[in-house]
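*Asks:* Here's the letter readout for the chains.
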Amino acid sequence: AQSVTQLGSHVSVSEGALVLLRCNYSSSVPPYLFWYVQYPNQGLQLLLKYTTGATLVKGINGFEAEFKKSETSFHLTKPSAHMSDAAEYFCAYRSGGSYIPTFGRGTSLIVHP
Amino acid sequence: DAGVTQSPTHLIKTRGQQVTLRCSPKSGHDTVSWYQQALGQGPQFIFQYYEEEERQRGNFPDRFSGHQFPNYSSELNVNALLLGDSALYLCASSLTTLGANVLTFGAGSRLTVL
Numbered sequence: 001a002q003s004v005t006q007l008g009s010h011v012s013v014s015e016g017a018l019v020l021l022r023c024n025y026s027s028s029v030p031p032y033l034f035w036y037v038q039y040p041n042q043g044l045q046l047l048l049k050y051t052t053g054a055t056l057v058k059g060i061n062g063f064e065a066e067f068k069k070s071e072t073s074f075h076l077t078k079p080s081a082h083m084s085d086a087a088e089y090f091c092a093y094r095s096g097g098s099y100i101p102t103f104g105r106g107t108s109l110i111v112h113p
Numbered sequence: 001d002a003g004v005t006q007s008p009t010h011l012i013k014t015r016g017q018q019v020t021l022r023c024s025p026k027s028g029h030d031t032v033s034w035y036q037q038a039l040g041q042g043p044q045f046i047f048q049y050y051e052e053e054e055r056q057r058g059n060f061p062d063r064f065s066g067h068q069f070p071n072y073s074s075e076l077n078v079n080a081l082l083l084g085d086s087a088l089y090l091c092a093s094s095l096t097t098l099g100a101n102v103l104t105f106g107a108g109s110r111l112t113v114l
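Taken in order, these protein sequences are the chains called A and B.
Each residue of the first sequence is one higher than the one before, counting from 1 in the working numbering.
Each residue of the second sequence is one higher than the one before, counting from 1 in the working numbering.
This is chain A alone, in the form it adopts within the complex (with noise of 0.2 Å):
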């Protein structure tokens, strides 16, 4: 069975510092990756996904994610950290033969002044 682990429930970090969320996943086939965020009260938002071809990957509000296939990771990152990116993020799988993605748990992103 597939799953995906995010490490860490919580990411503290200094408004200008790297953001360095993480994710794995477990799965036997290839697989299609995604980031999405969750601010208070709102749905999910698509900020990235992985599929083919290029392993590195760039999202919205200045966010990217490489895919290492080696390592089975996906792991999300921005250079500097701004207020309006505290939030709640996602990591996200799908083989290519099911219609289903699996989440992650979530790890909070929180950003000090």
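It should be emphasised that the hints constitute simulated quantities derived from the structure, not laboratory data.
Among the hints, erroneous ones may be present.
[Said to hold, decoys possible] Ranges of calculated distance between the beta carbons of each label pair, as one might list FRET restraints: (1) A:Y39 - B:G58: 16 to 26 Å; (2) B:A38 - A:S26: 15 to 25 Å; (3) B:K13 - A:S3: 26 to 36 Å; (4) A:T52 - B:T96: 13 to 23 Å.
[Said to hold, decoys possible] BS3-like mimics (lysine-lysine), calculated; alpha carbons at most 27 Å apart, straight line: (5) A:K58 - A:K69; (6) A:K68 - A:K58; (7) A:K69 - A:K49; (8) A:K49 - B:K26; (9) A:K58 - B:K26; (10) A:K49 - A:K68.
[Claimed, not checked] Footprint (simulated), chain B over chain A, 3 or more residues, beta carbon under 8 Å: (11) 36-47; (12) 99-113.
Here a beta-carbon is modelled for each residue, glycine too, at the ideal position from N, C-alpha and C.
Let chain A serve as the given structure and place chain B on it in line with the hints.
*Replies:* Chain B in isolation, oriented as in the chain A frame:
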């Protein structure tokens, strides 16, 4: 272009009651998925509807049922409510394909069971 709309946004029920949640998908989308998000957790898949049929179901009891209408809108029904059903219920629409189709989420319906 309207995205996914859900109603109601908030509701309070008591144990044993029944609830119906509604979802209108994004224009052009034909598939609707429902997720339950408990506080501090990731979304858990309930079921997905395509062509008015339940295509896939997650690990939820039969108390959870749904429907999709010819205009692609959908309902989620929960019978015999339990305290543990308190959660944010998210509807997501997509265009069905085994490619990297992306889910578009609504803002959710927050259900509180007392």
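*Asks:* Going through the numbered hints above, which ones does this structure break? Give me the numbers in ascending order.
*Replies:* none
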